[in-house]
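Undergrad: With these hints in hand, go ahead and build the complete structure from the sequences.
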Amino acid sequence: MSRRSPIIVVTGANGGVGFGICHRLLIQLCQPCPSDAKPAPALGNKDVEDGIEPCESLTLIMACRSVKRGEAARAQLFRLLDEHLAKVQQSPEDIAYAKRFRKNVRIDLHYSDLASVSTILRLGAELRQKYPYISHIICNAGLASFIGIDWALAIRRVLTNLVDAVTNPDYNLQNWGERSIDGLGWVWQCNVFGHYCLFRELEPALQKSPERPRVLWMSSLEGRPGYYEAEDWQLLKTQHSYQASKYQMDLIATILDRRVLKGSHGSNTPRHLIIHPAVTHTNVSHALASGITDFLKVISFYLARFLGSPNHPIHPYKAAISAVHVSLVALAFLPTALSFSTAGVKGNTMPKGPTPIKIGSETDWWGQERVGVAPVLEWDEHEKEAGELVKKCEALYTSLREAEGELSFEQATEHM
Numbered sequence: 030m031s032r033r034s035p036i037i038v039v040t041g042a043n044g045g046v047g048f049g050i051c052h053r054l055l056i057q058l059c060q061p062c063p064s065d066a067k068p069a070p071a072l073g074n075k076d077v078e079d080g081i082e083p084c085e086s087l088t089l090i091m092a093c094r095s096v097k098r099g100e101a102a103r104a105q106l107f108r109l110l111d112e113h114l115a116k117v118q119q120s121p122e123d124i125a126y127a128k129r130f131r132k133n134v135r136i137d138l139h140y141s142d143l144a145s146v147s148t149i150l151r152l153g154a155e156l157r158q159k160y161p162y163i164s165h166i167i168c169n170a171g172l173a174s175f176i177g178i179d180w181a182l183a184i185r186r187v188l189t190n191l192v193d194a195v196t197n198p199d200y201n202l203q204n205w206g207e208r209s210i211d212g213l214g215w216v217w218q219c220n221v222f223g224h225y226c227l228f229r230e231l232e233p234a235l236q237k238s239p240e241r242p243r244v245l246w247m248s249s250l251e252g253r254p255g256y257y258e259a260e261d262w263q264l265l266k267t268q269h270s271y272q273a274s275k276y277q278m279d280l281i282a283t284i285l286d287r288r289v290l291k292g293s294h295g296s297n298t299p300r301h302l303i304i305h306p307a308v309t310h311t312n313v314s315h316a317l318a319s320g321i322t323d324f325l326k327v328i329s330f331y332l333a334r335f336l337g338s339p340n341h342p343i344h345p346y347k348a349a350i351s352a353v354h355v356s357l358v359a360l361a362f363l364p365t366a367l368s369f370s371t372a373g374v375k376g377n378t379m380p381k382g383p384t385p386i387k388i389g390s391e392t393d394w395w396g397q398e399r400v401g402v403a404p405v406l407e408w409d410e411h412e413k414e415a416g417e418l419v420k421k422c423e424a425l426y427t428s429l430r431e432a433e434g435e436l437s438f439e440q441a442t443e444h445m
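Taking our numbering, the leading residue of the sequence shown gets 30, the next gets one more, and so forth.
Bear in mind the hints are in silico, worked out from the structure with no lab data behind them. Any given hint could turn out to be false.
To be verified - Here are the simulated EDC-like cross-link-like pairs (lysine to aspartate or glutamate), alpha carbons at most 20 Å apart as the crow flies:
1) K132 x D111
2) K326 x D211
3) K291 x D111
4) K266 x D211
5) K128 x D111
6) K266 x D323
7) K97 x E85
On a predicted model such as this, the values are computed, not experimentally measured, just so you know.
TA: Encoded structure:
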């Protein structure tokens, strides 16, 4: 069963939330009844242990752009796991279980550059050849092309509504019009299309999984329809490419999952699930804040939590709970849609009927992490748009894959 021997790909695994996901997976799976695998009350479930199965081995595939940082992160993960096992108080049976798990843990490092289709194709070929199957892909890697802060707007937002200001920071300035080496929208390729290509390349390996495979798409609280224009689908014209890319991930994952559930696909067709880490302190915004401003940013996050915000886990390990929960909990406890009756933010109202969801990380006032849920905003208005976006991604993926194959053939012929 795949939950007993999961083979999990995590992109952007050497730092930030990606590292937090890897760390949390290890800590959770070294125990026979991981708390993150329990059904979440926020999703309409009771706190039961149905569907939780022991996992006595794990293959964790860290897909990283920096091999050096990846190697350091890999060593740190083993060290953190060993430190946890050395200090945790467990029964003799649980200790024996943890020792077996530790013996069977495998953490592999693979080079990945989502801004290069050829690199993704090579990665896909490597993983298909090396592993018997893939049970999970966690599409976590992402970036924002920040260039500065609109300080006048930022100060006004903080003074009028601190919590919303540090939850939806629309005052962060971004580059626009940047292209990747493939000539595509750079932020779009790194955040969206690169992951789409990786999913398509690994689809045969996913379908070999002993249990229903899962593709987790890392969204954001900032992913909102107001930042996205369908005509600018590679996000070259928008000055909010990060937010737009995250809303695109909402659309793509939702339409793909709905097609799977509505179609006559087999049980090994992967589910597509949306997650988000909420507000976390990582290096994504390093270009905006350093030194004293970075310190003040973290203080503002804690202040927002103190004022009642559930959306500020802050630490990557806490922010990883949504990804780990969705990876481990039985699929029967993951609803595809829920009804929301409370008012939204920034003029948006929550949909009145059942709507697709994204599962997020939250904390209480004391910083105890938990799983929360949010709607995919304006899904009904953008459902057709989502289908067109997937169609464009698929056509582009197919053409680039064919071109790469022709180029590889020509290069091989030259060396014969």
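Undergrad: Each hint: holds or not?
TA: These are the hints, each one checked on the structure:
1. K132 x D111: 11 Å, holds
2. K326 x D211: Violated, at roughly 35 Å.
3. K291 x D111: Given that 20 Å is the threshold and the Cα spacing comes to 44 Å, the pair is violated.
4. K266 x D211: Judged against 20 Å, a Cα distance of about 17 Å means the pair holds.
5. K128 x D111: Satisfied, since the Cα-Cα distance of roughly 10 Å is no more than 20 Å.
6. K266 x D323: 29 Å, violated
7. K97 x E85: 29 Å, violated
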